[in-house]
Structure formats: C-alpha cells, structure tokens
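If you want the building blocks of each chain, they are given just below.
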Amino acid sequence: MIRPLTVFVLTLLLAMPASANPALEAVIADNLDQIEKPSRRTVEPVVAQIAATGPEGLALLSAWTNRSLGMTDDGRLLIVDGDGATDAVTGKPVPAADPKMLRPNSGVRGVIESALVAGEISDPDPARRAAALASIARDGTAEHLAALRAAAPEDDPALAVQRNRALSLLTIQFDGDPAARVAAIEAMAGDVGLDFRAALNPLLATTRIAAPAEPTDANIARELAVGDDGFPREAAIALLTSQGVLQPRLTPADQRTALAANIEGGSVGGVAVADLSDPAARDRAYEALEASGAVPPAATDAEAEAALAAHRFFEVYAEADSDVTDAARAAQVGAQLRLAAMTGVDLGLDALSLASIYFLAAIGLAVTFGVMRVINMAHGEFIMMGAYTGYTVQTLIADRTLSLVVALPLAFAVTALAGVILYRLVIRHLAHRPLETLLATFGVSIALQQLAKNIFGTQARPLTAPAWLEGAITVNDVIGVSSIRVAIFVLALLFLGLFLFIMKRTRLGLEVRAVTQNPGMAASMGINPDRIAMMTFGLGSGIAGIAGVAIGLFAQVTSELGQQYIVQSFMTVVVGGVGNIWGTLAGAALIGGLSKVIEFLNPANTLAAQTFMILFIIIFIQFRPRGIIPQRGRAAEA
Amino acid sequence: MSALLEVDGISVSFDGFRAINNLSFSIGAAELRAVIGPNGAGKTTFMDIVTGKTRPDAGDVKWGTPPKSLLRMNEAQIAREGIGRKFQRPTVFEDQTVADNLTMALKAARSPFAVLGWRPSQASVEKVAGLASEVGLAAQVGRKAGELSHGQKQWLEIGMLLASDPRLLLVDEPAAGMTLAEREQTTALLVRLAQTRAVVVVEHDMDFVRRLNCKVTVLHQGSVLAEGSLDHVTRNPDVIEVYLGR
Amino acid sequence: MTDRPTRQPFILRNPSILAVLAVLAVFTVAVTLLSQAYGSGVIPTSTVKVLGKTLCLALAAVAMDLVWGYLGILSLGQMAFFALGGYLIGQWLMYARTEAIVAASLAGNPIPPTPAELQEGVANQIFGVVGSSDLPPVWSFAHSLPLQLLLVVAVPGLLAMVFGWLAFRSRVNGVYLSILTQAMTLALALWLFQNDSGFRGNNGLSGLQNIPGLDGVDQARLSVWFLWASALALGLAYVLAAWLVSGKFGSVVRAIRDDETRVRFLGYPVEGFKLVVFTLAAMITAVAGALYYPQAGIINPAELMPIASIYLAVWVAIGGRGRLYGAIIGAVVVSLLSSWFTGGRAPSIHLPGYTVNWVDWWQVALGVSFVLVTLFAPKGIAGIVDRLGGIMPPRRPGRDPGPDQGALQEQEAKA
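Chains as they are written, first to last, in UniProt numbering: chain S, 1 to 638; chain F, 1 to 246; chain H, 1 to 415.
No lab work stands behind these hints, which were simulated from the structure alone.
C-beta: ideal position from N, C-alpha, C; glycine also.
Hints may be right or wrong, so weigh each one.
Simulated coverage check for chain H against chain F, where a stretch passes if three residues somewhere in it have a Cβ under 8 Å from a Cβ of chain F [to be verified]:
#1 240-251
#2 265-271
Per the computed footprint, the stretches of chain H lying under chain S, defined by three or more beta-carbons under 8 Å from a beta-carbon of chain S, are [what the hints assert, rightly or not]:
#3 103-111
#4 115-122
#5 172-186
#6 311-323
#7 372-383
Only chain S is shown next, with the shape it has when bound in the complex (with noise of 0.2 Å):
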C-alpha cells in the first residue's frame, strides 16, 4: 500500500512546477548560516530539512557536496555548472552571476553524501538506485542504516538482494539492538565476502590494557600471560609505561643525551669522559647524576619487575556487548575454514597454470633428453623465438584473433626448422658426448641471445592477447584465475593429447620409442637414429616455439625470456625422470604446485620461494636421483 503512495508523491514532486519549493525556500532561508559555514556537528538536521524537500533540494545538496554551490549576496542559492548558474530554489538561470562559492569541509561533506543516498536509495532509476547502494557498500553509516529501513521496498530483484545484503551489514555495524546484530550475524554466517569480514573486523577489535585486577566493566577476550607468544616482557613493560604505571625505562639515546648535557670539567658524575666508551662506566655516571638529583630517576628493574607482578594483562573488545563478539567470533572462525579451502581451490588454479606453463616449457626439453640424452642449452632461446613469431607475426596482422591462430604454427615451424639445423649442424656432431653438447648449445644460446638484442633490441615487446583472453573467470572474492591462464592450460593439455597421439600411435613414435629403449637394437632394426634423432629434436624445438607464444601473452617479450623458464625447465625433467611424457607432468605439476605454495607461505618473497624451490629439488634429487618417473629397464641401471 505504501508504494503506489510513493510513486504518487514522487510523480507530484516531479510534476510541479520547478518554482514552487516554498519548503525549500524556508528551510534555506531558516539556516542561511548554517549552509554558509557549515560545521559537523550541526548540519545534520538541515542536510535532513533539504532532502525531505524533494528533488531540488537532492539537486542542492549534491551541488553543495560538488563544490558547485554559490551564494549570493542577497542570501540566494545558486547551482554553477561551469559559466552558468541556476537559481537552486526555482531552476532558473541567472545570468552573469558571481556568486560565493560554498567550500563544505570533509565531515560535512560526509553528512551530506549520506543524505544523498538515503535520498537516491529510493530514486526511480534503477541506475542510481544500484550506484546508492554501492556507495552504501563502499562506506556504509548509521544513517544509512536507517534510510534503508525507511526506504520503499525494492521492486528489481537483484538490486533487493544487494539490498538486504547491505541492510544486514549495515545491521552488524551500526543496530542498537544487540539481538538484532547477533541475528544478522547469524544470518550471514558462512558467508565469506570482502564486506562481511570487513564488517566483523571492527567488531573483533582488541585493545590490550593491564590492570591490578579482571575489569568488570569490559567485555574481555582473553587474559594475556607475561612471555607468552605475541606478549613478550618488553611489549608488558611498554604497555605498563603507556598507561603511566611505570617511568619510562631509559634508553641508551636518553643516557647518553643526559650525560652529554652534565659534563663537568672533564668527567661527568665522577666517571671521566674518555671512559664513558665502556657501558658500565655510562650506567656509574648515571646513577651518580640521579644521585644528585640532575636527572630525573629512570625504572629500574625491579620496578619494572613488581609492576609486572601486580598487573594483570587482558585484550579487551571495542564492542561492549559480549553475544555480539561471540557471534561474530563464530562467524569470523567459520568465514575464515571456508575461506581457507577456497584459497586452497585458487591456490590450485594457480599452481595448475604454472605447471602448464613448465609443462609447455620442458616437454621439448625432456624429449631431446630422453631420446638422445643431450640437454639443449638453447632450448631457452627456442621459447624466445617462438615469442619473437608471435610478436612479429602481431606487427603484420592487425586482428589479435587471426594473428594468434596464424602465429601458433608458425612459431612451431619457425622453431621446428631452427632445431634441425641445430642437429645437422652441431648436435649430430657431439653424439656420445652430452657435456661437449651442453657447452656447445650453450654457445648457441648466447649467440641467439645476442642475436635477439640486436634485431628486436633491449626493450620488451609486448605480445597482446586477443579480448577474448583478456580478463579472468572469478567464482568469487578469493577464486578467481585468468583467461589466459585456462587456455595456456588447454594448450598444454592438447599438447599432451598430441604427444601421447605421436608416441602411442604413429610411426614416428614407435621409432622414437625404440631408440629411446635401445638405440643399438633399433639401428639393427632399420631404424634410422639420426633421422629419428632430428624428427624429435625438431618437435622438442616446435613445442618450445609453442611455449614461446604462450608465455609471451602473459609475460613480456625479451631476448631473456628464455631464461627466466629454461632452469625451471631443467629442473621440470630432472624431478620429472626422462623418456616419459607422464614424468615430465609429474615434475611440472610437483614444481607449480610446490612453486605456488612456497610462494603462498612466503609471500613478501618471491626470491626466498624460488631459494627454497631449488633446494628442495637437490634434496628430493638424494631420493629420487632418476625422477619421480624413473626409465625403467636395464639400459637404465648403468
């Protein structure tokens, strides 16, 4: 019944003529003061006066609150827009006005934004009905909780759900009635929102005080014991000093400024000054002062001590009412177990793209290794060149979409080739000598590198993702995982698809297969190794190519991309065990994950994360010295 009769009011409001706000009118010319010189504490019921009057008066106060508000000489209210100026009471324009503008200080403004939205809150349009509701949201008060009750009900449902939702949080922090925040509490619990943590963190608030005995008065959460974790002596001892129970101890600085300022003649209380280099010597002097009366005495320990034995030490609540800490205790406990599983959900999420990412990275790299028991130095600068395509292949075609498909293969190709021509022209050559092979790739890698510098330069290049990639998928405040990220994880999923695809069910991958088993009985066999040898070798550098284009739509493109990847990689195929594609997931997925959570542990630092990564790899290597998937056989024993 209520809300036709709203509608109708506000239709008549809007309807009338803009001149008539005789309510206005009285109300400006009642707290003309006021409105000048407005001060926090008073203004409320004016702001109040203003709002009820109706749409004007809303238009006044969001001027007022702009800085947008004049005053004229004669006690007339004026809304400037830029050049021109409208009479705030009637709506008319005013030309050549100069008007005094109205400069409202911070907490007035405060009390003004809040009449605002209590006003907005029950305005026509859905749009500013939502942006009130974020504002309340954003930095709710007690008034706002009020208008919200005052308000008309809510007829578009999704704005009555982000209602309530704030009509409850409003509740927690500002009800007067005990039971009713309790009830709210309740009500939300379980809940594991920015807003509602936010809203129980005031509520569980502690200050520590000492007392010689258990205050009454205050609602206590927990008595603290001298020397206990987080209370150690000297945080007793300053609590005791800032109540004023104790003197201030005296800190070397003080000592020191104290005996400067009394030297007399050479020797300060007795003690001469060259000796004052000796600690001791110092505390004598000082003593001798305060013995004389020209210090003022500082605690002594044992003041200290027999303060400590007759204090008490208790963390108490800001909030008095004790149901309402227990419940919002309860709650705080179960947000935060829920809370915790979902980081761990998003913690997964995350190490899952890392170890896509490695994955991509080192499958290359443990196939080469695998088949031919070399390790590729350069693998690194295959992965920069595949981001390099990527790049350019963005610089000839504009559409990200079109420019991503057709990058893609090409890097795989571009790759590919350079793989084979880095078996023809070198690898071939080292066979039976992996760590001549390790050296010479690694001459490879820091020509390449060079190479890089000085075609695309220093600077990083940006390889863009089409818009569909941008932007994430979010569950909610705590899961969420980027676009990216999903594909980069389908990408290495197809890629394990095609790999089990060429190993299981091609020539190529029996061949591959046998040499990789025993390459003295698949040459015997007709198989050729060196054929097979380059085919892998060119697939290892087509998948670092690959890798390349994914990494570099998250990561920046320089001549060091390769670096930053090709140890996690090395290390990817160590803990993984060589020859098997499944041990080289199981190093990618144990080093993400590991990553993700060292880093989630640790996580003002990065580089300690990446200290202990690499030490956990040394020590898992002393367990497992051939991986988690070890080659089996006997050619695997020697």
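Knowing the structure of chain S, use the given hints to seat chains F and H on it.
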C-alpha cells in the same frame, strides 16, 4: 673347509622380471669354479650382486671368516675386502700408461689422502715391472693403454687384477675374442691363480670350461639348475634340455 | 719412459710447470716496470687492474680445469664459490672501512661511543640502503680480518663439501650433476638478491677497492700489489694443482673421469676422491674471488648467476681442458678479448649496408666460435700448443676422448 663366499637364497627382480630367484652358491678359499648358463640366466646379475653393484631384494651374501654380510657395503668397500672383477670387454684406463694402470691397481691404501701421500718405492716399481712382464707387456709399460691391441688390453686388465691380489676373482667370459694360444695361456693362468685364491669364471664356451677342469654351476632363470663336474652336469637331463640341447 | 722412483722434485719432472711459472714471473715483473706506480707508466692503473683481475680469473679457471678437465664433473656452479670468496672478503673490507668512517664521525660527540654504538652506526651505514639498521648474524666476524680470511676458504669449502657429499653419494653425474650445480648457484644468487639476506640485496658490497688501514696508499700502487698477490696465488695454485694431478692421485682422478665404475671395482672410494677435488677446487676458486673483488671494487649477486659459471667452463674449453696451462690460456685470452671487444675499443667492420659494431656482435661471435671450438678443436688452444711442441696426442683407435665415454664401455660390458 669353510666357505670364503656364501650366497644364501638371494632374489632380485627388475620391473617384475625375476633375474635372480632364490639363488644359493658357495665357494672355498682356494677353488676354481665355472658358472655357465644360457643368456638371461642371471650370470652377470649374480656377479653384480656379489660386487655390490646391485642390491638383492632378499637373501644374504656372506664373506670370509667370521662371515660378514657384503650387502651393507658399497662396491669400493667390497673390492677392498678382496673381491676382484674382470669384465667381459677389457676396461682399462686408456688415457694412462700401462705402468699407471698397474700402479693404480697395486695393493695399497685406497683413501684419497693415503693416495695423495703415496710415493713410488723401489718395491712398487719392481712389482709393476714384474707384473708387466708376467702379462707380456714389459715392452709397453710406458705406452698409453689406449694404444694397445684388444688382446693386450685383456692382458693388462688381468695384470691389474693380479696387482690387487684379490682373495676372490670373478671373471666374465675371459675367452671371448681370444686366439687359441691366448686361451691356453689364460686357462693356465686361471688354474694357477686358483691354487691360492677362489676364482669364479663365467663362461659360454664349453671347450674352455672343459679345459678348466673344475666344478661347474649351471644357472637357469636365476637359480642353480645343477652343480658338479662338467661331465656330471652335462649328463643332467634338465641341463641338456635348457642349455646344451638347443 | 719407464717409471723409476725418482728423488727429483716433481716440478723438475714437469717442465710445463717451470715454463708457466717463468712466464708468470716475467709478466709480473714487466707489468710492474711498466706501471704508473713503480715504472714508466706505460700501462695505466686501470689496465693493471684488468690484468690483475684476469690472473684471478685464470686461477678460477685452473680450479675449474681440476674439476672438469681432470675429474670430469662439468660444474656450472664454480662462480658461486668465486663470488662467495668475494663476499666474505668484502664483508671485512666494508665493515672495517665503515667502522673507521663511523668512528671518525662519532669522535666529534662529547662522549666517546660504546662498542655497541659504534656497531650500530656501522650497521646503519652499511644496511641503510636495504632499510635495516641491525648487523645480521652473518656479519659477526666481519670486524676481524683473520677470521674473515679463514671464512673465505672455510665457507665455500664447506658448501662444496655438503653439496658434493649429497650429490656424489646419490651417484648423480653427467648432465644431471651439471644441472644440479647450476641450480645450487641459482639458489645462492636468488638468496643473495633478497634484501634481508644480510648481504645488501642487489646493491651488493661496494667500495671494496679501498683497503682499510692503507689510506695512504694510492690505487696505482695498490693495483700493482694486488697484481703481485694474484700472480703469487696463481703460481702457488698451479704448482699445487700440477702436483695433485701428477702422481697416483692424479691417475685415480683421471681414471674416475674416464670410467668411474671401474675405479670403484678397484676399491677406490670414488666419492671421497670427488669430494676432495671438488672441495679443494672450491677453496681455490674462493681465494681467486677474494683477490678479484678488491680489484673490481664492487660485488653483487648478478656475479654469481649461472651464466658466469658457464663462461668459466667456456674459457677452460677454449683453452683446452685436461691441461692446466690450457685453462690459464683460455681464461686470459677469452676474458681479455671479451673486455676489449665489449669495451667499445675494437674497430667496427663496415660492410656494404651494415656496420658490424663489436659491442653488439661480440657475444654472437663468441657463441659461434665456441661451437666451432667444441666441434673442431675439442682440445682447445692447448691442443695447438701440444702440436707445436711436438707432443702428439696418443693414437686411440675408435675412442673419443670425452669423459662420458667410459661409462658406455661399462654398459657394453654388461650387455
């Protein structure tokens, strides 16, 4: 006579394949023994276990008197206990001279610091020269081992085994790739060595085994199939079926 | 050629040692006589420093050759020990110098400072850049030169020992071991990059060219002194290394390189030998670093990124591994060429349509030439020296010289 080496019910499998299956074997302090068996019978794995290269899944290997287990020792410790091994293909250090190869094998303290403090003495030089002439390499002492012929490398390796003076010698197919004259020489040497120590010869070649004229152990699928004189085992129907009869 | 027990000192039995020592002595005397401080001044002080640093690099290369050329372990982490040596000597240099400065500034106060105040002032000076004012525990010995000198060899030695023990006992070798050494270096570098590692993060230690207590000595003289010290260290280390690889120990070490399994069956504790050589090489490398960084003046974690260690391997390979003088030649030639080419003093090559600027192209040339050396001259420059000296390599039919081949033979023996 108590046994020098007592292998007691060992088993080992690689990826489900049982290379050695409850094998027991023993040899005295001065005895020559030939171990024969078809490919895959577990001969090499057996030697790997005795020399510490492979750990058995079950069973025990006891050594000397009082008997102590070899299973807790690594290859080097086992070698220092006095078990020498000669590989099928000659494995000598090709980048070093014959004298260096022999000197390294000489019985002496093996720890890094002891080796660091080791100086050639009159006795050691004479020992090396004596060994070199014993294996017919007197003229080659100063040459790098890599320059020797295949047969000479075989002899150098035998010389290295003699230099370390083992109590148990494991020899893997010594006759492979040797001329008839060399075989005879080798046979004589092995028989002579077995007078003062235990010698186990793993061999395919029946003629060679016959010439050794010693007790024979036949391995099949990782276990002992038969044991006794060559004539005794060649009459064993099982042996004929799995080995000789094919 | 027959080995008779000789009472001759081993140096006389190895003429190459005398040759190297003689060249080193002549070089040192010549540089001294041409230096600004003690001679005609033809060689500017900066060049003397470059030469002194090059000797230190050669020293590190000798140690690398011990590990790689003789023991067969391609360690991609040697420069970690080099930098550790630099950091450890740098701690004393920086502490002692800062202490002098702080003491001088506190002397103006009415009251003489307590030791604690002095230390606090030093800590503030040194760690202000990383937002800390406490002296980390790792600086506990920084006030004492003898202790810190002891640490220069003890810490890298201990690190090498622990790492080596872990790696060798699990029989990690070949490429795996190389990757593992690289990982160790990277871990150390990343750790040092942190601000709270206690080593000033990526600022590193600086001002190391100023030797505390030698304020009256100018850099011209200091640089020559350091050249002498570096030459002396190189000479001593060369003799030590040559002695190590000349006798039966050297025989065993080379045998381990060629066929580790076989050596084990001879009864030698292979891991022990590896550990001794690896640790000793780490200590030598650390001494080289401790001599290098006072001449360089600054050290930061970038110095021990894996790439630096790979360069060391490159020098040894180009010089010729398995030859101690080869390592020296490689380090001296390649590092001097590198600094010449990258220093911008090398003349550009003008091609039609393109100018080859060596600052941009030296890395490419180095990379390519390195591939070429590996492919066509696996014995490096020392191989050429050998040929000139008439030392023909032994004819080894059907065998590659590589250290990895030994194991293959063992495989075949099993088959």
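| Failing hints, ascending? | Of the numbered hints given earlier, the structure breaks none, since each of them holds.
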